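2 protein chains.
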Amino acid sequence: MGSQLFFPRGFFLNGIDSGIKDRKKRDIALIYSQVPCVAAGLFTKNRVKAAPVVISQKHLRNGRAQAILVNSGSANACTGNRGIEDAKTMAYDLACQLGIRKEDVLLASTGVIGRFLPMSRVKQGIKKITKTVGNPSKPEFFTEAIMTTDTTPKIISSQFLTQNRKRAVICGLAKGAGMIHPDLATLLCFIITDIAIHKRLLQKALMEAAETSFNSLTIDGDTSTNDSVLILANGRVGNRPINSENRDFLKFQNSLNEVTRGLAELIARDGEGATKLVRIIVNNAKNSLSAKKIARHIASSPLVKTALYGSDPNWGRLMAAIGSSGIRIDPQRIDIYFGKLQVARNGQPTSYSEMKAKRILKKKEIEIVIDLKQGTSGAKVYTCDLTPDYVKINSCYST
Amino acid sequence: MGSQLFFPRGFFLNGIDSGIKDRKKRDIALIYSQVPCVAAGLFTKNRVKAAPVVISQKHLRNGRAQAILVNSGSANACTGNRGIEDAKTMAYDLACQLGIRKEDVLLASTGVIGRFLPMSRVKQGIKKITKTVGNPSKPEFFTEAIMTTDTTPKIISSQFLTQNRKRAVICGLAKGAGMIHPDLATLLCFIITDIAIHKRLLQKALMEAAETSFNSLTIDGDTSTNDSVLILANGRVGNRPINSENRDFLKFQNSLNEVTRGLAELIARDGEGATKLVRIIVNNAKNSLSAKKIARHIASSPLVKTALYGSDPNWGRLMAAIGSSGIRIDPQRIDIYFGKLQVARNGQPTSYSEMKAKRILKKKEIEIVIDLKQGTSGAKVYTCDLTPDYVKINSCYST
Chain A
1 MGSQLFFPRG FFLNGIDSGI KDRKKRDIAL IYSQVPCVAA GLFTKNRVKA
51 APVVISQKHL RNGRAQAILV NSGSANACTG NRGIEDAKTM AYDLACQLGI
101 RKEDVLLAST GVIGRFLPMS RVKQGIKKIT KTVGNPSKPE FFTEAIMTTD
151 TTPKIISSQF LTQNRKRAVI CGLAKGAGMI HPDLATLLCF IITDIAIHKR
201 LLQKALMEAA ETSFNSLTID GDTSTNDSVL ILANGRVGNR PINSENRDFL
251 KFQNSLNEVT RGLAELIARD GEGATKLVRI IVNNAKNSLS AKKIARHIAS
301 SPLVKTALYG SDPNWGRLMA AIGSSGIRID PQRIDIYFGK LQVARNGQPT
351 SYSEMKAKRI LKKKEIEIVI DLKQGTSGAK VYTCDLTPDY VKINSCYST
Chain B
1 MGSQLFFPRG FFLNGIDSGI KDRKKRDIAL IYSQVPCVAA GLFTKNRVKA
51 APVVISQKHL RNGRAQAILV NSGSANACTG NRGIEDAKTM AYDLACQLGI
101 RKEDVLLAST GVIGRFLPMS RVKQGIKKIT KTVGNPSKPE FFTEAIMTTD
151 TTPKIISSQF LTQNRKRAVI CGLAKGAGMI HPDLATLLCF IITDIAIHKR
201 LLQKALMEAA ETSFNSLTID GDTSTNDSVL ILANGRVGNR PINSENRDFL
251 KFQNSLNEVT RGLAELIARD GEGATKLVRI IVNNAKNSLS AKKIARHIAS
301 SPLVKTALYG SDPNWGRLMA AIGSSGIRID PQRIDIYFGK LQVARNGQPT
351 SYSEMKAKRI LKKKEIEIVI DLKQGTSGAK VYTCDLTPDY VKINSCYST
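Protein sequences, first through last, are from chains A and B. 211 is the number that my numbering gives to position 211 of the first sequence; each next residue is one higher, with no gaps. 371 is the number that my numbering gives to position 371 of the second sequence; each next residue is one higher, with no gaps.
Do not take every clue at face value.
As the list makes no split between identical chains, a pair holds if one copy fits it or if it spans any two.
[Unchecked claim] Derived pair list, reagent style DSBU-like, types lysine-lysine, alpha-carbon separation capped at 30 Å:
no.	residue 1	residue 2
1	Lys356	Lys138
2	Lys380	Lys392
3	Lys293	Lys45
4	Lys199	Lys58
5	Lys286	Lys380
6	Lys340	Lys138
7	Lys204	Lys340
8	Lys21	Lys358
9	Lys356	Lys24
10	Lys358	Lys25
11	Lys204	Lys293
12	Lys45	Lys373
13	Lys138	Lys58
14	Lys392	Lys358
15	Lys340	Lys166
16	Lys138	Lys199
17	Lys363	Lys392
18	Lys128	Lys293
19	Lys362	Lys392
20	Lys88	Lys364
21	Lys88	Lys373
22	Lys380	Lys45
23	Lys373	Lys58
24	Lys340	Lys392
25	Lys131	Lys293
26	Lys102	Lys58
27	Lys364	Lys392
28	Lys286	Lys45
29	Lys204	Lys356
Since the hints were made in silico from the structure, they are not lab data. Values in this document were obtained by computation on a predicted structure and should not be read as measured data.
Chain A extracted, bound-state conformation (with noise of 0.2 Å):
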């Protein structure tokens, strides 16, 4: 990994203003691959789903895709069978500019809901961007066009040798930010690569990465209507396509799960508002669900995540919400921890440095570990502060 970045061949990828937005600014993304690809996705668990994620379910029935067309300024969430005929048009659009089956277009959508897409303006926006295909590929660009309320851009990139001896590359785009929490998928997620694999294990990896990434991710609690994460697979690299879970499978796997966790934290460190990444980790669980359970519960306190904002070394706040997971714990065997620093030892006030805790609470970057000596299982989750520029951002977003 690291910070330089590798593309997967075969793919265009660009952003542009079509003026869905109302300032000038990139609204409609594309990924296009020269060949069909072999396709996988995870969806959002809201029951209130978006007429793109209903259209993007449907075309990946087979499996198979080759172009991904995303707008943000609007979700096409909660706009009944209007909205959904507006997907199906995109769809459509963008098939015939491109040549490709219709069914092999996904969809995602992000801004406001319940509002209908102005559809003249997205119909010239997909014309427009179909005509750069062929020019240089514009990751950035992509990357820009799906930020909503996102400070920064989300883009890492992974690369492994195959077995025989080929360069495969996986770049994942993601926008994040707001309602963000962990329930299969999470937010928006294109993930491209150049290896060739069989669909129901390039499904299962995704599955695999997503869980202790996306799916272990908290920004505020709040389940989006069109959380996705999609992946496309075109094979270029010619390895003999992976049909078993082998070394190259392992070795992808891993490559994978590198990319969504760098994701992960990238998008944590970019919540609304926020100013710290926050690792919550939970060892000596009974199991690792409920090491999770509880590691959730303590990610969304919104009591926790002020007091970290504020670098209050206010622990009792970690006692409570972990008291009130749902899970059987014993108070009185609890020890947490700052960092390395220990601040509880079973349940009660070590005689820890109210200074030095503080010190380590106002770093950008903060571990909280929760030993609970129960068991052996352990999880990770990635948070963020509450701050005030959360409910800013959030008090006047539709208007």
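We have chain A; now place chain B onto it with these hints.
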């Protein structure tokens, strides 16, 4: 009810400054009945229970009590055996000073978690406050002494005539503000009445009253380690003790409901940093449990609560919260109203006036109505908006 306050006979209340809090503020409070009372209580479901909760639960087993001792400034939670010993000492010292049984003392504490009580000050405080017994009762000092981040004291009273034409009074005194979430007991609340009633029926009435008040209230989704609702009935009315669900019981229940609902509204209105009281009303659900779950989920959503703060008619966030509540709903049937203004019909936007919607949301009291069109059950939940002040208050509480 109304704004006039009534107090039941035979109770003495006071609050004094004992130096637990750094600044000169009342921090020890007492309720004392001239005669032993029938008593009942509801306590936090948090698995991390404060020492006063453990002791009060034990002392309540026989359904009898004569005094309630409360301190603010320190929660005596996460303090292990030393905390339990400190709580026992408080009950013992008070009992000695008042000449009553220590088992007839109930305790409650509120403040920072994970700090030991400054016991020499507490002991001095107990001496000081018991010396005032016999002076005129000071309920306003009592409510002052139990406040932490509350900005206003919270007292509600109600009276009714028993079948034998005697006037009975119920008076409730509470603290709220943060860490309030529906889960049985959810705050500190002390209710006194001069009715005579059997202990089983007193407990039943209290649970019933809590269900539509404290259990229908959420400020920030956090559940405290100390939440307690205690009720004392001293029988000074001289009615025939209520020992069945007769007419007197129904009158008592109605009055008690008035008191607890009134307190719940006062608490929501005075939520930490709150500028608005919000009532979330879910109608026509399949059953009342699912109605309540959806209403609570909406009331806990930071995105909904920040939009309400900003008077932003972003009803899509309501849809997203409804969809992620875990209850099976049909998004295409949902109607949403801000007050009487319908903003969504069958899950889609109506052509409502945004200015009108903003005007409604700018009021100090907001009613949001969700019509699920699934059945005939409903629920009402009280909450408040999420503001920059909530974050400020909670980012520097312990230090």
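Cross-check of the supplied hints:
1. Lys356 with Lys138: Answer is neither: 46 Å inside a copy and 43 Å across each miss the 30 Å cutoff.
2. Lys380 with Lys392: Result: close both inside a copy and across copies, 29 Å intra and 28 Å inter.
3. Lys293 with Lys45: both (17 Å within a copy, 17 Å between copies)
4. Lys199 with Lys58: within (15 Å within a copy, 60 Å between copies)
5. Lys286 with Lys380: Within one copy only: 15 Å inside, 37 Å across.
6. Lys340 with Lys138: Neither. Shortest intra-copy (43 Å) and inter-copy (49 Å) distances fail the 30 Å Cα cut-off.
7. Lys204 with Lys340: Classified as neither: same-chain Cα gap 36 Å, cross-chain 48 Å, threshold 30 Å.
8. Lys21 with Lys358: between (42 Å within a copy, 22 Å between copies)
9. Lys356 with Lys24: Answer is between; shortest inter-copy Cα gap is 29 Å, intra-copy 47 Å.
10. Lys358 with Lys25: between (40 Å within a copy, 27 Å between copies)
11. Lys204 with Lys293: Within one copy only: 23 Å inside a chain, 33 Å across chains, cut-off 30 Å.
12. Lys45 with Lys373: between (33 Å within a copy, 22 Å between copies)
13. Lys138 with Lys58: within (28 Å within a copy, 68 Å between copies)
14. Lys392 with Lys358: Both. Shortest intra-copy (26 Å) and inter-copy (17 Å) distances satisfy the 30 Å Cα cut-off.
15. Lys340 with Lys166: Close neither inside one copy (42 Å) nor across copies (65 Å); limit 30 Å.
16. Lys138 with Lys199: within (27 Å within a copy, 74 Å between copies)
17. Lys363 with Lys392: For Lys363 and Lys392, both the intra-copy (23 Å) and inter-copy (19 Å) Cα distances are at most 30 Å.
18. Lys128 with Lys293: neither (46 Å within a copy, 46 Å between copies)
19. Lys362 with Lys392: Classified as both: same-chain Cα gap 22 Å, cross-chain 16 Å, threshold 30 Å.
20. Lys88 with Lys364: Neither way: Lys88 and Lys364 sit 44 Å apart in one copy and 43 Å across, limit 30 Å.
21. Lys88 with Lys373: between (53 Å within a copy, 29 Å between copies)
22. Lys380 with Lys45: both (21 Å within a copy, 26 Å between copies)
23. Lys373 with Lys58: For Lys373 and Lys58, only the inter-copy Cα distance (28 Å) is at most 30 Å; the intra-copy one is 46 Å.
24. Lys340 with Lys392: Between. Shortest inter-copy distance 27 Å satisfies the 30 Å Cα cut-off; intra-copy 34 Å does not.
25. Lys131 with Lys293: neither (48 Å within a copy, 49 Å between copies)
26. Lys102 with Lys58: within (11 Å within a copy, 69 Å between copies)
27. Lys364 with Lys392: Result: close both inside a copy and across copies, 21 Å intra and 19 Å inter.
28. Lys286 with Lys45: both (27 Å within a copy, 21 Å between copies)
29. Lys204 with Lys356: Neither: 44 Å inside a copy, 49 Å across copies.
Checked against the numbered hints given earlier, this structure breaks hints 1, 6, 7, 15, 18, 20, 25 and 29; the rest are met.
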